[in-house]
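**Student:** Start from the sequences and build out the full structure, keeping to the hints where you can.
Protein sequence lines correspond, in order, to chains A and B.
Reminder that position 357 of the first sequence reads as 357 in the numbering used here, one-by-one numbering, no gaps.
Each position in the second sequence, counted from 1, maps to that position plus 1000 in the numbering used here.
None of these hints come from the bench; they were simulated from the model.
Think of the CB as a built atom: it goes at the ideal place given N, C-alpha and C, for glycine as much as any other residue.
Warning: the hint list may mix true and false statements.
What the hints assert, rightly or not - Among the chain A residues that face chain B by a calculated CB cut under 8 Å, a handful are:
1. 66
2. 211
3. 215
4. 326
5. 347
6. 367
Chain residues, written in single-letter form:
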Amino acid sequence: MKWIYASRACLMAAAVCVSAATGARPAGRVPLPFTIDPYPSTYQPLPRTDMLIVGATILDGAGQRIEDGDVLVRDGKVVAIGHGLKVKGVTVVDAHGRWVTPGIIDVHSHDGVYSIPSTSGDVDSSDVSEISDPNAADTWIEHAVNTQDPAFSVALSSGVTTLQILPGSTPLFSGRSVIVKPVPAADIHAMKFPGAGQGLKMACGENPKSFFGEKGRAPNSRQGEVALVRAAFLKAQDYLQAWREYESGARSKPPARDLKLDTLAGVLTGDIAVHMHCYRSGDLTTMLGVAAEFGFRIRAFHHATEAYKVVGQLKKAGTCVAVWSDWWGFKMELVDAIRENAAIVDAAGGCVMMHSDSATVGQRLTIEAAKAAAAGRRAGLNMPPEHIIRWITSAPAKALGLEDRIGTLAAGRNADLVIWSGDPFSIYTKADQVFIDGALAYDRSTPQRFPGPDLLLGRPESRRVPDPVSGRPEVEPHP
Amino acid sequence: MTRGWFVFAVSVLLSGRGAQAQTIAIIHAKAWTMTAATPVENATVVITDGKITSLAADAAPPAGAQVIDAKGRPVTPGLVNPATHLGLIEVSAATETVDTATKAATLGAAFDVQYAINPNSALIQLARADGVTRAISYPVSSGVAPFSGTGVLLRFARSGDPIERAGVGVFAVIGGPSGEAGGSRAAQWKLLRLALDAARTGLAAAASPTTRTPDFLALEPVLAGKVPLAITANRESDIRQAIKLAADYSLRVIIIGGADAWLAADALAAARIPVILDPEANLPGNFDELGARLDNAASLHEAGVSVAIVVLSGIHQSYNAGESMRAGAGLAVANGLPYIEGLRSITTVPAQIWGLGARCGTLAAGQDGDLVVWDGDPLEPSSAAVTVLVDGKEVSLVTRQTELRDRYLPKAGLIATPRRP
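**Tutor:** Okay, here's the thing in structure tokens:
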């Protein structure tokens, strides 16, 4: 969604305007209420200096590999990439022997809501999902995020510069997502990516039907799930129609706001991107059918372990998949997961992203890509580093609607980038420095300069440092 | 003499045991023997009748041997997974396919998972294709806190029963996310001690045969120091309690988990208690793990503690039992563990911890012919096994996953896949 920026005062003014409205109004004067972010970002970039990174192996995220390359960063933006850039008055960062990539984007995170540490209090009331109803489209995950989750600082120290936090997959409509930068913050507003849209997490298959079915509630079957989804979108069509009539002046009084229908109407208008948890090939194509029926696009299927069986349909629908490299088997809908899934979808021309779904995997998305690419190579598919870096940079940037700001290293893009100690697809490589909007957000050589989460204060001393390995000798990767 | 007769004659000479000798030679290997810190380049490894008989650089393979050309690639002993649920889990969400736990109140230490092992599990097939040749499979929980039950040693030969030895050790869990078992860890430790005391009394010669209960019998080899008591614990206080327990009862104790183990490294080293840990654990998943850090393995090794590696969190402990332990070892190396110790942490050390050091875990002469040829650095997660030998025989690398891949690659409009070289 291209949020319409509105201060709370403006919103109130709009509300006054709406309530005072009688009779016909000029069309389009009041924006659809669900396209306004009532809780806008207060993010401010960290202190930054202009810099020239020189001598790096650059993977630009758009498919190019540049050896001995330079990157010029000014005012938080990438200004130029090339060879032998000569600029005065900027800090020069020597990156010879090191690699530079765009900041890593995790399109599927539960950081901040899957409580760490987990306690007995979270067993029945975790913040990852509102599970009192299969339709939780009215919930916004940003209202639950604990910014002190230690998962954020370890994500940052491993090169992640943007995350989409999604609610869990128990409800069919799981709620709205939020896109954040993993910077130190006392509240979510200071982490929110300015102007980024929202997603709606949806879920199909085993999770909703088994959870609600076991409680004797609907849905208890896949067909029940689809019926509820269709019924909800039928209502949303009417709701949207009513707002359209009001917007055009054909209706004098605004429809009563409904927070669930707000979200679904936002999906129908294309303002809210659908991120759908589904595994089986039949589930994927069924939900593509529902989307076509109601005229919206599913931006991405998440997990999608059988995407390799229906590559053609996914490609045709323009729907991406966000996948793991190797998770399989733990539920019936995952028994056909294979390690070549990402590579097959990619090689057939589909859109692929690696996702984490876990604070542990979220520290090693490069390794997820490396494993998935290696499986593809062994199956005879060409998966060079400059190509697969897109799975964790430009592809998720596009799925989040932020491709003009992040995900690639090109003039005008936000200077979200990582200087790696070596090939980012090796287990021995570390993120040496992580920049967000051109500001040094993490530096492995001086981790004590970067605050870890409040949770770890007063704990065993080492835990205060996000990356406890500083001070150890550099590892010699073994050939 | 025909060629066949020549082979026969050489085989007889080599084996000294008659006509059945089977010799296989891996040539051009970068052989990580584990007995040295560096590999033997261009090595020839000879395996006769399922045992390694020689390993030498630049040696010619014995005449008549089946030759596998490693083409300079790394060769290691088969991986030994020190703590998994292989053979006990198929689809974890389908509870009838899961045999890791019982609520039967009569079974504590005697909950013995040997009776549940499924040799046809797709998880075992994949683990073996990923280079796991032996594994300790153990239960999660029993009806008698804090015991989980009794584990089993598995070996994944080409065919046959994977159970190599039952009763390989007794397992217990202390603390944890909810502290369910026993309610309080004070109760858990006391119940554990009382169970050991009762077993000792009940098993005494003078006691009536009726006191030899299944749980007491399961604890008999633990009390005799013949098999270990493997305690899953993460908090420093529990690790120190485990050290005390081992001393008080003269037990062989193994720590599984050990997030805080680095805080008790010297005491663990002094007590010669090994740790099976997860190098990916750097976040406090619960309050027992507030000390979790990436260099736990390195710190413990520096202090002289034996470290074996397995990934415990998520699904990988069983679903990717081979790939994940390699990745975990690589991560431990990335965080300070010497490279050779990373390799040993998934081969030699787990073998030693479980009393298998004389059988497997190195490439020394006399060891079992369980070896893996890798297509790259074994500690890089993106590497894979290209040849796996168990008992001197090549095992299949075909899995459900490779068959699905080969069915759908052409359907995706892509070339049919070549077999692994």
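**Student:** Does each hint hold? Answer for all of them.
**Tutor:** We went through each hint and held it up to the structure:
1. 66: Violated - the Cβ of residue 66 of chain A stays beyond 8 Å from chain B, reaching only about 23 Å at its closest.
2. 211: Cβ of residue 211 of chain A sits 12 Å from chain B, so the hint is violated.
3. 215: For residue 215 of chain A, the interface hint is violated, since the closest Cβ of chain B sits about 17 Å away, which is over 8 Å.
4. 326: Since the shortest Cβ distance to chain B is 5 Å, the answer is holds.
5. 347: holds, 5 Å
6. 367: holds, 5 Å
Taken one by one, the earlier hints fail for this structure at numbers 1, 2, 3, listed in ascending order.
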